[in-house]
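K.L.:
Following the hints, complete the assembly by docking chain B onto the known chain A.
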Amino acid sequence: AQSVTQLDSHVSVSEGTPVLLRCNYSSSYSPSLFWYVQHPNKGLQLLLKYTSAATLVKGINGFEAEFKKSETSFHLTKPSAHMSDAAEYFCVVTTFSGGYNKLIFGAGTRLAVHP
Amino acid sequence: SAVISQKPSRDICQRGTSLTIQCQVDSQVTMMFWYRQQPGQSLTLIATANQGSEATYESGFVIDKFPISRPNLTFSTLTVSNMSPEDSSIYLCSVVGGGRGIGETQYFGPGTRLLVL
Numbered sequence: 001a002q003s004v005t006q007l008d009s010h011v012s013v014s015e016g017t018p019v020l021l022r023c024n025y026s027s028s029y030s031p032s033l034f035w036y037v038q039h040p041n042k043g044l045q046l047l048l049k050y051t052s053a054a055t056l057v058k059g060i061n062g063f064e065a066e067f068k069k070s071e072t073s074f075h076l077t078k079p080s081a082h083m084s085d086a087a088e089y090f091c092v093v094t095t096f097s098g099g100y101n102k103l104i105f106g107a108g109t110r111l112a113v114h115p
Numbered sequence: 001s002a003v004i005s006q007k008p009s010r011d012i013c014q015r016g017t018s019l020t021i022q023c024q025v026d027s028q029v030t031m032m033f034w035y036r037q038q039p040g041q042s043l044t045l046i047a048t049a050n051q052g053s054e055a056t057y058e059s060g061f062v063i064d065k066f067p068i069s070r071p072n073l074t075f076s077t078l079t080v081s082n083m084s085p086e087d088s089s090i091y092l093c094s095v096v097g098g099g100r101g102i103g104e105t106q107y108f109g110p111g112t113r114l115l116v117l
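Top to bottom, those sequences are chains A and B.
Counting along the first sequence from 1, when you hit position 29 you're at 29 in the numbering used here, and nothing is skipped either side.
Counting along the second sequence from 1, when you hit position 11 you're at 11 in the numbering used here, and nothing is skipped either side.
In isolation and in its complexed conformation, chain A is listed as follows (with noise of 0.2 Å):
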């Protein structure tokens, strides 16, 4: 079955450091992996996504995520942290099941910027 857990429900980092957030994913074949943000109050944005192309994937707003299969993880990164990235992340995990596919979210981990 597919999962996926994200190694942190919170994550504070000050404005123009970098960021990790870490997601490992089980599934039984070759999955694909997606990072949705979710702004306060605000609907859900994909970031990016991996689909069996370049492990390392870049998304909007200077965010990537590399796609190692060794270690099952599915990281996201950005260079330099702005205040407008505090937010929520999700890490989402595809299945496809009954025809169609569907989505397994993490549970979330909340990023604070700090001045």
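These are computed hints drawn from the structure, not numbers from a lab.
Nothing false has been slipped in among the hints.
Straight line, CA to CA, 25 Å or less: simulated DSS-like cross-link-like pairs of lysine-lysine:
| id | chain 1 | residue 1 | chain 2 | residue 2 |
| --- | --- | --- | --- | --- |
| 1 | B | 7 | A | 102 |
| 2 | B | 7 | A | 42 |
| 3 | A | 102 | A | 69 |
| 4 | A | 49 | A | 102 |
| 5 | A | 49 | A | 68 |
| 6 | A | 58 | A | 102 |
| 7 | A | 102 | B | 65 |
| 8 | A | 68 | A | 58 |
| 9 | A | 58 | A | 42 |
P.N.:
Relative to the frame of chain A, chain B by itself:
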């Protein structure tokens, strides 16, 4: 990408009543999904709604509590029936952006914030 709108954006309801949430998409889509996000929690899939067929519910969700309609390829409704405070959540609809493959992106509506008193 798909543009999705939901109505209402938020509501406060009394226990025992029902609320119907609407989801409108700007393009025709085969599959629509309904999710629940309880306070401080992640998202959980309630059901998948295909046009012209009965919705498929996930474990822990039943049609009597969350009836879904899917009258055409751009619209769906989710009803939260006989509400209790435990139903206070954000309800989101989503669609797959073309195709049915496992890597297809799902796009989400802005959500409906429901508070049950």
